[in-house]
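> Go by the hints and put chains B, C and D onto chain A.
There are 4 protein chains.
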Amino acid sequence: MSENQELNLVVLLGSLRKQSFHAAVAKSLQSVAPANTNITLLGSVGDIPHYNADVQADGFPAPVLEMAGAIKSADGVIVVTPEYNYSVPGVLKNALDWLSRLPDTPFAGKPVSLISGSPGPIAGARAQYHLRQIMVFLDALVFTKPEVMIGGINTKVDTEAGSITDEQTKAFINGHLTAFGSFVRRVSL
Amino acid sequence: MSENQELNLVVLLGSLRKQSFHAAVAKSLQSVAPANTNITLLGSVGDIPHYNADVQADGFPAPVLEMAGAIKSADGVIVVTPEYNYSVPGVLKNALDWLSRLPDTPFAGKPVSLISGSPGPIAGARAQYHLRQIMVFLDALVFTKPEVMIGGINTKVDTEAGSITDEQTKAFINGHLTAFGSFVRRVSL
Amino acid sequence: MSENQELNLVVLLGSLRKQSFHAAVAKSLQSVAPANTNITLLGSVGDIPHYNADVQADGFPAPVLEMAGAIKSADGVIVVTPEYNYSVPGVLKNALDWLSRLPDTPFAGKPVSLISGSPGPIAGARAQYHLRQIMVFLDALVFTKPEVMIGGINTKVDTEAGSITDEQTKAFINGHLTAFGSFVRRVSL
Amino acid sequence: MSENQELNLVVLLGSLRKQSFHAAVAKSLQSVAPANTNITLLGSVGDIPHYNADVQADGFPAPVLEMAGAIKSADGVIVVTPEYNYSVPGVLKNALDWLSRLPDTPFAGKPVSLISGSPGPIAGARAQYHLRQIMVFLDALVFTKPEVMIGGINTKVDTEAGSITDEQTKAFINGHLTAFGSFVRRVSL
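Just so you know, the protein sequences line up as chains A, B, C and D, in that order. For the first sequence, our numbering begins at 32 and goes up steadily by one. For the second sequence, our numbering begins at 32 and goes up steadily by one. For the third sequence, our numbering begins at 32 and goes up steadily by one. For the fourth sequence, our numbering begins at 32 and goes up steadily by one.
Just chain A, same shape as in the assembly (with noise of 0.2 Å):
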């Protein structure tokens, strides 16, 4: 790809409330994108079913097949989540467990950002690495840096909006976008 090659990037958001503070950073990741980026969220991770082998075998949920099918015309996945309990929130993971059983796997190759937050100061950070993890059986292309950690999340977004309203926050991932729009296109046959 040339280095000014029109990206689609597509956002699986890991929680499910209305005025999550991760929605409004998803909500808002297009705003702050650099140019010659679009990006897209996906469906709800709450529209998919406890992932059940029984259930597979009768057939995948439509859910995660259109889940499947953005994501395999994506140039590229940004996972924005919270932390739970330490992980990655079990609703999120069962998403990606979902996807992961369909036989032409759509992380495969595929380019991955990870942006996380939390009021407090660790940021997510803890749910980043097991996300990381995750990801190697996925196969994806994780990008590494710079990473994007958001403390004190709660000051720093307006969830009615869905917008990020701290400047420098806006500028971080503004930077981040850019180089992991660099990552996609260095790395994309």
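Calculated directly from the structure, the hints in this document are not laboratory data. Just so you know, not all the hints are guaranteed correct.
Just so you know, same-sequence chains aren't split out, so a pair can sit in one copy or run between any two.
[Said to hold, decoys possible] Below, simulated SDA-like cross-link-like pairs (lysine to any residue); rule was C-alpha separation at most 20 Å, straight line:
id	residue 1	residue 2
1	K176	V218
2	K176	S219
3	K176	Q164
4	K176	P152
5	K187	Q199
Positioned in the frame of chain A, the structure of chains B, C and D alone reads:
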């Protein structure tokens, strides 16, 4: 607790399919347990809805409260789980996410044993270390050694009968439960 | 152990430089500890040679034997360490590698507390979870909560005096050591 | 890079003893590598002193500078390492700690492959995921699949000859190196 005091342990199962290898292990634990040990299965993690703070605001779902009550009354918890994508199954993590939100969290100070397995040789090891990190947040007392990781689990259980067929595995789990029992008696107030 | 029994704790320090922030924390622990708690620094991990099984075959180095003896005699171990490259410092891990090879490994069943810090906000969290995994092999009983992760450590210690200058940090570590003391008394035979 | 361009890879070995199983694997990599692949061993991590910022202030030790130069000139790095105490050997981590302090860190953007093994079945998996987390800080591009974890390594190598004796292991590593070579050519600028 004195060394022969009766123990009541509960089992948290991480998978949902009917012919689950891990369900077979879970069901057989009572039969391979040492004396003075009562082992009961908790309700299915499949009965617990996706964690959503908006749902929580309307009240904890009944299966969460029931599971929490059973864990509280027990002397210890045995988690029996497969590994999905190098980590904890989403459905299991989702149950833990709900349990952790209770004002009086049932895992605090509770002795916990981990049992995993897989058809391959790594035997769920990766899921166990992620679970251990999760259990730090839950403030549980996770037992260390001997660790139970059942490689080639598909050849060692009878999923119809719900039993372990491999004698060495039975003996090893008996040893694990005996050591875990001593640990429970040692650390319980 | 009764609740007021005197405890003898030893400190394992993970860094070597003279003006180390973590050395300042380690040296100050006695002064912030609760009553009936004696805290002594172990020898330096810098005195222990690179682990090499060929060297071991000729006999364990004296500083390893000395450190092992001191850990065995103690009621618990406090590890105070920086994070290097998102993990445990090599010099600290090297000391643990030697200690683990002893026929009568000193960490087995030993209560362990972890204290980390960093100038940034993540505060050594990543090193702590790696240490916890290592401690599973060593069969140690690692204390859970409250965890001590000192963000902005460079502004909270006096490296010349070897002391903590931040009152909130002193109070937090006092609370940690008090809770750890209760844990040690609870789990010790 | 074109698909057949010659690759120069260097090997970082994590153990020191002369009859090391992993040394045998490291020495044999050239003989099992695909065409157009030159594989050279880096200097021993045993020649690198304990990391100490006070020592660094006086200048980086020669073996660190030499290793860094060799990594920089290479197209990729293969880490071959045992697992000690469920993590990375201290001696290997210590070498990485030094390399990471260089102003122009040699791992940044560098493709890295991981090879581990153990006499038991878990085969060093735990060390690999800790290494992957470390490599995030180092900003390296760690190859994903197929992962090489050699169970029963003591029965699959000749430590005197420095060779792999098991044909399946040879073929598997050949496949790994072939896929890693494609990855290196894909991501290198």
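> For each hint, tell me whether it holds in the structure or not.
Taking the hints in turn, this is what the structure says about them:
1. K176 - V218: both (15 Å within a copy, 16 Å between copies)
2. K176 - S219: both (18 Å within a copy, 17 Å between copies)
3. K176 - Q164: Close inside one copy (16 Å) and across copies (12 Å); limit 20 Å.
4. K176 - P152: both (19 Å within a copy, 17 Å between copies)
5. K187 - Q199: within (9 Å within a copy, 25 Å between copies)
Every hint, counting from the list given before, is met by this structure.
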